[in-house]
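**Student:** Chain order of the listed sequences is X and H. full-length UniProt numbering puts the first sequence at residues 1 to 470. full-length UniProt numbering puts the second sequence at residues 1 to 470.
No wet-lab data here; the hints were simulated from the structure. Where hints are given, some of them may not hold.
If chains are identical, the list can't say which one is meant, so a pair holds when it fits in one copy or spans any two.
Claimed, not checked - Quick list of in silico lysine-lysine cross-link-like pairs, DSS-like style, CA-CA up to 27 Å:
# : residue 1 : residue 2
1 : Lys-442   : Lys-3
2 : Lys-292   : Lys-354
3 : Lys-195   : Lys-180
4 : Lys-462   : Lys-452
5 : Lys-179   : Lys-282
6 : Lys-180   : Lys-292
7 : Lys-60    : Lys-29
2 protein chains.
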Amino acid sequence: MIKQQNILIIGAGPCGSLLALRLAQRGYKVSVYEQRPDLRKENLDSGRSINLAFSNRGNKAMKMVGIEDKVKALCIPMNGRMLHDIDGNTIFSPYSGREHEYINSISRGKLNALLLDEAEKHENVNIFFNRKCKLVDFEKTMALFQDFESKSEIIKEANVIIATDGAGSVMRQSYYMGKKFLFNFSQQYLNHGYKELSILPTETGDYKAYKNALHIWGRDAFMLIALPNLDGSFTVTLFLSYDEGTYNFNNLTKKERVIEFFTTYFKDALELMPNLVDDFFKNPTSSLGTVKCSPWHYKGNTLLMGDAAHAIVPFYGQGMNAAFEDVVEFDKVLDTFDGDWETVFKTYEASRKKDTDAIADLAIDNFYEMKGHVNQTIFREKRTLEMELEKHFPEAYSSKYSLVTFNEHIGYREAMLRGRAQDRAILHMLSDGTISISSDMKKDELKLILEKVKNETEVILKEDNLSMLK
Amino acid sequence: MIKQQNILIIGAGPCGSLLALRLAQRGYKVSVYEQRPDLRKENLDSGRSINLAFSNRGNKAMKMVGIEDKVKALCIPMNGRMLHDIDGNTIFSPYSGREHEYINSISRGKLNALLLDEAEKHENVNIFFNRKCKLVDFEKTMALFQDFESKSEIIKEANVIIATDGAGSVMRQSYYMGKKFLFNFSQQYLNHGYKELSILPTETGDYKAYKNALHIWGRDAFMLIALPNLDGSFTVTLFLSYDEGTYNFNNLTKKERVIEFFTTYFKDALELMPNLVDDFFKNPTSSLGTVKCSPWHYKGNTLLMGDAAHAIVPFYGQGMNAAFEDVVEFDKVLDTFDGDWETVFKTYEASRKKDTDAIADLAIDNFYEMKGHVNQTIFREKRTLEMELEKHFPEAYSSKYSLVTFNEHIGYREAMLRGRAQDRAILHMLSDGTISISSDMKKDELKLILEKVKNETEVILKEDNLSMLK
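Chain X on its own, in the form it takes in the complex (with noise of 0.2 Å):
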């Protein structure tokens, strides 16, 4: 059944479409406003971000829409990381001890126009493309909107706006200008930027690196890092400072220095991109940002959604799954509190805010992790351990990468409590010596150690419970 509520949905990227999808599904008339062209017509992502991880809690999004099947069609299974070092060698890092747990690279454009196409099966959906927002007027739940095909302006009113515009969000922008609520606003940027190359398969389509891993250069100081596409290449992405070290960004200027620069840290990766400095002048350098605000609504007239409402650093590869997350969690609440939009805004807020701030928080750790722990001895004994525990206690231990990953059933928050806690148990012990861990290591011993480890983190989060005490 149709309902008469209209509601105006401001962005069709991917949360955007999943969105309108969902809402379709339950009835309501959604119109979804977008400012670039629909890109099932053209080419629009040359030197933007062309493939995503896709994991856990985007599935659980999926499933609940029911294209579950369609978008592993589009996958392909990274079961762990494949760590190069300064001369070549490569060391594979799984990501789970246990074997049904892996991430998946996907292509974002592929996604995003299959969740736009199961949209538009619904009759009421109506997508509207080359409509660019100017502006927002949450007291009156109206938007003012450029219409790059007419060139005019056009003004939309709705029951409802859902803001899901990404992390440049308009809307987040009329809430900071209105100054008609207190507002907390936070924008955090790296020093590092990005910038993305690529490696080309082979001229028989073949991929000339291993398929199912995310191949990391971890340089400490800066990073490159590639995953797989169906058509037998791989996008990669150098983070860089952009102003210190010897090599940066602002100092990379010339061909000669690029390859100087290649050369001396990403040998085995160069020989694989004869396209390399095609690919580095062309293609922009992106700044790494992570936006924080609330409340992310106004009354029941608006709301953001997705990375307009918490934009993040891509190092956990949980962005999208984080934004098709926040449509689960809106729903659930729908299923409760539907019809009363105010008290639907402010409880889905209420329980997700946590989560999405420490999702934020993660992804930061993670970049120093992914840069430079993991070719530090403790952090590698640390992991080395962590895979035999989930090997052997598989229903008994889940490292924090798990929890935050394929624990899909647990918030980002308590997986971050938790995740941080037992790391901290895992590196005191294997530091003070009350831990070690050796090359072929006992059943027995792992029980012993896994007992340790569950003691100590309950200790770590008992005394972080009274230090966080307000």
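Given chain X, put chain H in place with the hints provided.
**Tutor:** Frame of chain X; chain H shown alone:
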């Protein structure tokens, strides 16, 4: 000798006028533009914070400019907190176990006037009032002002612009809106606002409550405080949620309800405030926010200082002290790099920001301590123990409060890290029975406890260090 460099200071509050004075002493040509009228000629402060806590870090700045004695004449010592319980009973809780350590209540206006007078004694200082900054072009080192007297707009160029225009800084907003560089910015509001009230002197001009204390009526969800003024009055501040709880600013709209609220929770204070209702409805309700940002400077052109760079909530009594300490730290950097503004600004921010971030966080912590913790047994025991340690081992122990407030030779960040570790050490050991307090502890017993606290603190600091590994 007068230097040929023109420095433009935006804002003639305590920080801006101190800075003007110091730069004048150094021989710069200084112009100060202030949006409000000259507070020495008009009474401007009704309903705004009119007295402030002044302590060692602020005094360090007064020594630097040679006006310590003149400021001392404006000070009323406060030796501790006078805690008022709901039945009107009071307990005095000293700020330190060392007698010479106390804080002061000082009139913001009188101190500001003194600093303006001292600055204007220098012929190389010109202060202009009624000129509101509209925007700063940081690339051209130019600022645009609205002149309220001539009703015209004026443009001022300078070699350097330093903005000390407070929490709502126009120059900081120009940084944010300009999008010319990656600007990290955060504004966070408490759910509590504040309103100023007053306890007037007796008919004979005496104080109606104990003069040499900061009075606190902490009620967990809200609190009232009072600081003495030289004229026998107290400035009283109510901190209360805007919208949570049975009584909040949004629902205290009627005279009867305000009286009911005070009768229930602040009976002994109400008896001293026959003028309560008038004050309550005459004075505005203001918000409590924390602002952090970086960079503070743009090249060698412009710099944010004081609240403009780091506005904090008032609960540690450090807002003005931190702003004054900014000028001391800036002055030290000038000793080394005078003449090279970009290096001065960069060096200053690199050493200073960690400390202003720390005091911002400490001030939030103290909000919870003042309104609630001070009433909890374990926190009182900790405090009692710390006073004994400071009294018997004045050289060997300083509480977090003492480290922050009275140890001006260490930075806020060092004070925070050590102070928090000490707090956790004592709370853990009190709660698990490793240490306990009794009414008459011998020096030997205390010595043993001191050692335990020191050892446990070191353990915690070491563990923290490991967790913070990046």
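**Student:** Would you mind marking each hint as holding or not holding in the structure?
**Tutor:** Results of checking the hints against the structure:
| no. | hint | in the structure |
| --- | --- | --- |
| 1 | Lys-442 - Lys-3 | neither (61 Å within a copy, 76 Å between copies) |
| 2 | Lys-292 - Lys-354 | both (11 Å within a copy, 21 Å between copies) |
| 3 | Lys-195 - Lys-180 | between (38 Å within a copy, 20 Å between copies) |
| 4 | Lys-462 - Lys-452 | both (15 Å within a copy, 20 Å between copies) |
| 5 | Lys-179 - Lys-282 | between (40 Å within a copy, 23 Å between copies) |
| 6 | Lys-180 - Lys-292 | both (19 Å within a copy, 21 Å between copies) |
| 7 | Lys-60 - Lys-29 | within (24 Å within a copy, 65 Å between copies) |
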